[in-house]
Amino acid sequence: MPALPLDTAGRYVAAAYLVFMLILIIYVAIMASRLTRIQKDITVIDEMLKTRDEHAAKAPPLPTEASAQQ
Amino acid sequence: MTETRKAPGRGLKRLAILTALTLGTAYGLVFFWTPNEADQGFVQKIFYLHVPMAIVTLGGFILGGIFGFLQLRSGDRKWDLRSYVAIHLSLMLAVGTLITGSIWARASWGHWWVWDEPVLVSFLIVFLLYACYQPLRFSIEDPDKQARYASVFAVVAGAFVPLNFAAVRLAQAYTHPRVLGGAQNSMPGSMQLTFLLAIIGMTLLYITLWKFEITSKTTRMQLASIKRRLDSDATGSPA
Numbered sequence: 001m002p003a004l005p006l007d008t009a010g011r012y013v014a015a016a017y018l019v020f021m022l023i024l025i026i027y028v029a030i031m032a033s034r035l036t037r038i039q040k041d042i043t044v045i046d047e048m049l050k051t052r053d054e055h056a057a058k059a060p061p062l063p064t065e066a067s068a069q070q
Numbered sequence: 071m072t073e074t075r076k077a078p079g080r081g082l083k084r085l086a087i088l089t090a091l092t093l094g095t096a097y098g099l100v101f102f103w104t105p106n107e108a109d110q111g112f113v114q115k116i117f118y119l120h121v122p123m124a125i126v127t128l129g130g131f132i133l134g135g136i137f138g139f140l141q142l143r144s145g146d147r148k149w150d151l152r153s154y155v156a157i158h159l160s161l162m163l164a165v166g167t168l169i170t171g172s173i174w175a176r177a178s179w180g181h182w183w184v185w186d187e188p189v190l191v192s193f194l195i196v197f198l199l200y201a202c203y204q205p206l207r208f209s210i211e212d213p214d215k216q217a218r219y220a221s222v223f224a225v226v227a228g229a230f231v232p233l234n235f236a237a238v239r240l241a242q243a244y245t246h247p248r249v250l251g252g253a254q255n256s257m258p259g260s261m262q263l264t265f266l267l268a269i270i271g272m273t274l275l276y277i278t279l280w281k282f283e284i285t286s287k288t289t290r291m292q293l294a295s296i297k298r299r300l301d302s303d304a305t306g307s308p309a
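Taken in sequence, the protein lines are chains G and R.
In case it helps, this note's numbering puts the first sequence at residues 1 to 70.
In case it helps, this note's numbering puts the second sequence at residues 71 to 309.
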């Protein structure tokens with residue numbers, strides 16, 4: 001087959017490179033959604049740690065060795 | 071003494087920059103330096119995208135098999151995760167290879183697909199074979215069994231990839247453009263250099279995405295483990 005003229009060939013070449021770009025963009029979008037889930041997990045863990053610290057602050061202090069001797 | 075573990079994402083930033091530079095340079099050279107091929111003209115520029123992608127795809131499938139073998143030998147689930155990510159990424163690139171190949175076929179042969187061309191059909195067979203990997207993997211609930219069966223699949227299919235393409239090489243195909251290893255189709259220096267750079271860039275892209283996904287999955291698993299420990303601390307039951 002003879003070589004295609006530039007205007008026709010250009011469309012095919014552009015389409016091929018766009019497909020590649022599109023696949024990369026879709027992949028990055030999927031990874032971004034996973035990153036959002038990681039962010040949510042971190043928020044949950046952060047809240048759990050805060051609750052734990054609050055409970056620890058409210059709880060009566062543990063008897064020390066000195067107070068136990070009294 | 072606490073054991074310091076290597077962070078899975080170490081060096082990812084440098085790798086990503088290197089990948090962007092290499093791929094950017096390669097495709098810059100494709101459009102601004104490399105001459106048009108005498109026979110196919112401008113359409114041949116697809117070659118610098120399609121062939122490296124196909125090579126990296128097949129390399130990724132073989133890598134998945136090697137990781138699967140290491141999983142079977144050691145029983146360590148980290149190899150299974152590596153194998154899974156390698157195959158998963160290769161599948162994604164295989165879709166790209168099939169689509170770009172189809173576009174190139176339409177531009178140079180006038181058909182979207184040629185069924186009597188062994189390279190195309192064998193690549194499709196490999197793709198369809200690996201398309202079964204994920205359904206097989208996720209149909210097994212027990213994590214140990216899942217890792218073991220998926221690894222067996224990865225090893226067997228990984229061994230099939232080079233065998234398949236060796237058979238195709240022996241099958242004397244003249245329709246598909248022979249770009250590597252053919253004396254009569256040898257490329258000029260500028261094309262060879264650009265092609266080599268495109269292969270290196272595509273390989274780096276694969277490694278970067280692989281590392282990125284491994285880091286993401288490992289981080290999620292670590293977070294889940296921390297969450298379980300905090301939950302068990304709160305309820306007073308063991309994790």
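FYI, nobody ran anything at the bench for these hints, they're computed from the structure.
Model, not experiment: these values are computed from the prediction.
Hints may contain errors.
Straight-line C-alpha distance at most 20 Å; calculated DMTMM-like pairs for lysine to aspartate or glutamate [to be verified]: (1) Lys50/G to Asp301/R; (2) Lys58/G to Asp46/G; (3) Lys297/R to Asp53/G; (4) Lys287/R to Asp186/R; (5) Lys287/R to Asp214/R; (6) Lys297/R to Glu47/G; (7) Lys40/G to Asp301/R; (8) Lys148/R to Glu107/R; (9) Lys148/R to Asp212/R; (10) Lys297/R to Asp41/G; (11) Lys281/R to Asp146/R; (12) Lys297/R to Glu54/G; (13) Lys50/G to Asp303/R; (14) Lys297/R to Asp7/G; (15) Lys58/G to Asp214/R; (16) Lys287/R to Asp41/G.
Verification of the hints:
1. A threshold of 20 Å between alpha carbons decides the hint, and for Lys50/G with Asp301/R the separation of about 13 Å falls inside it, so the pair holds.
2. Between Lys58/G and Asp46/G the alpha-carbon distance is near 19 Å, which keeps this suggested pair within the 20 Å criterion.
3. For the suggested pair Lys297/R and Asp53/G, the alpha carbons sit about 15 Å apart, so the restraint of at most 20 Å is met.
4. Simply put, Lys287/R and Asp186/R have alpha-carbon atoms about 41 Å apart, too far for the 20 Å limit, and the pair is violated.
5. For the proposed pair Lys287/R and Asp214/R, the alpha carbon gap of about 17 Å is at most 20 Å, so the pair holds.
6. For the hint linking Lys297/R to Glu47/G, the alpha-carbon distance of about 11 Å falls within 20 Å, and the restraint holds.
7. About 16 Å separates the Cα atoms of Lys40/G and Asp301/R, which keeps this hinted pair within 20 Å; it holds.
8. Pair hint Lys148/R plus Glu107/R does not hold up; C-alpha atoms about 45 Å apart against a cutoff of 20 Å.
9. Proximity of Lys148/R to Asp212/R is assessed by CA-CA distance (about 16 Å); at most 20 Å being required, the pair is judged to hold.
10. A distance of roughly 8 Å separates the Cα atoms of Lys297/R and Asp41/G; the hinted pair therefore holds under the 20 Å criterion.
11. Between Lys281/R and Asp146/R the CA atoms are separated by roughly 18 Å; this keeps the pair inside 20 Å, and the hint holds.
12. With a C-alpha separation of about 18 Å, the suggested pairing of Lys297/R with Glu54/G holds against the 20 Å cut-off.
13. Distance hint between Lys50/G and Asp303/R is fulfilled; the C-alpha atoms sit about 13 Å from each other, no more than 20 Å.
14. A hinted pair counts as satisfied when its Cα atoms are at most 20 Å apart, and Lys297/R with Asp7/G does not qualify at roughly 58 Å.
15. For the hint pairing Lys58/G with Asp214/R, the CA-to-CA distance comes to about 44 Å; that exceeds 20 Å, so the pair is violated.
16. This hinted pair checks out: Lys287/R and Asp41/G have alpha carbons roughly 13 Å apart, not beyond 20 Å.
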